[in-house]
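Listed below are the residues making up each chain.
2 protein chains.
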Amino acid sequence: MKRVPDSTVRRLSLYLGFLEELEGSGDATVSSDVLARLGGTTSAQVRKDLSIFGSFGKRGLGYFVPELTGKLRDILGLGRDWHVCIVGAGKIGLALAQYPGFREKGFHVSALYDTSPAKIGSRLDSIPVRDVARLALDAEREHFDIGVIAVPAGGAQWVADTMVAAGIKAIMNFAPLQIVVPPDVVTRTVNMGLEFEALSFALANLSK
Amino acid sequence: MKRVPDSTVRRLSLYLGFLEELEGSGDATVSSDVLARLGGTTSAQVRKDLSIFGSFGKRGLGYFVPELTGKLRDILGLGRDWHVCIVGAGKIGLALAQYPGFREKGFHVSALYDTSPAKIGSRLDSIPVRDVARLALDAEREHFDIGVIAVPAGGAQWVADTMVAAGIKAIMNFAPLQIVVPPDVVTRTVNMGLEFEALSFALANLSK
DNA sequence: GTAACTTTGTGAAGAAATTCACAAGCCCTC
DNA sequence: GAGGGCTTGTGAATTTCTTCACAAAGTTAC
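Protein chains in written order, with the working numbering: chain S, 1 to 208; chain D, 1 to 208.
Treat the hints as calculated values from the structure; they're not laboratory data. Relax, there's no trap hidden among the hints.
Reference listing, derived: stretches of chain S covered by chain D, where coverage requires no fewer than 3 residues with Cβ under 8 Å from a Cβ of chain D:
#1 7-18
#2 67-78
#3 102-112
#4 172-178
#5 194-203
Remember, predicted model here, so these are calculated numbers, not experimental data. Where a beta carbon is used, it is the ideal one built from N, C-alpha and C, also for glycine.
I would like the entire structure built from these sequences, with the hints used as guidance.
Have a look at this one:
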């Protein structure tokens, strides 16, 4: 398939959000122009983004909301359930495991892992908290699609290596650190500090 | 000043992180090549990023770690303290208000705002939780540099409008929704759902 | 002091992403 | 069923970002 820019994927996610809202309010069709306004972009951009994957619209009318919603879900791989394991039963790990919207999108947290004996063996809702030493072993029985790293910077690379060894091909990293993985493993790093520093930069340079 | 790509700002933040580590381990100088490796980019990219703001290196030697650290802090506006108010005393709002790393970077949370009478009037550490209706009024006395939106999607635009009316020029938005603000106000939206959907997309298209 | 080696800073080239602009298709009205 | 009005899909133009490649400048070793 044609290479898909990261920015396009982000925008498709946004469009999907808008479409779900529009579906709720009963709109049957939507134009690229409306989607563009909602997403803070241009109608040409919307059409280009979609055109990578096919032509879903009707000239003179726009896009059928339910149809495009479905297409976008398919494209983004949201039609199915993903099995997720979270390493780090701290604030972020627990928040994520409990967040209902996460499950609704098809991300099922099968297990939490930690090193703290106080936490190991407990349960959060129905999710077991296990010793991270068991991760590789468990991965042989259970299949994890996505691994979430929610530990401090120091342990992140070790966790990543463990996940890679366990055959996990997609890693979401919340540690404020670049992790290194083989080329066949996908990672995304979410770093709130970075976002705030970008805001700080913008503020510091508002006038210039 | 020359326009600075968003991607450059993100990388500068990354470099700063590495420099702070290098400073800790006592390295006196660092080359663009080393920074590039750490950040998963190329040495030419590192030099271009820096060259937007000046020439900080020494040919044949590299960059002096403490000097470059300082320059980057300046560039990113991290030399000073920013006054932050957070609207929404839920999970995200509270987590942010309590996170020590946040204050260390110069982001001082002066106040939390909420609508829930149960929360209004309480304190988190020394941070007061106030009625959001007071925000505009408070902003006249206290000066808020950055407003954080940590409320559900439904209330986000209203909070944004209130912040804009209160004269806040930089908004960090955690609601899963694009907020609309005048052109002189900077916003950044952090949307974890988007990140996971990007991962889902990558997984769904690994083979293709 | 000189030669060999390193590393920066930066124009120029190349690649990637966005915007423009318009033909083609579809709806709606009369 | 013909004409006017919208909106898509997409090549081409433009803009933006990244990579290349190399002169200039500094360091180190002898």
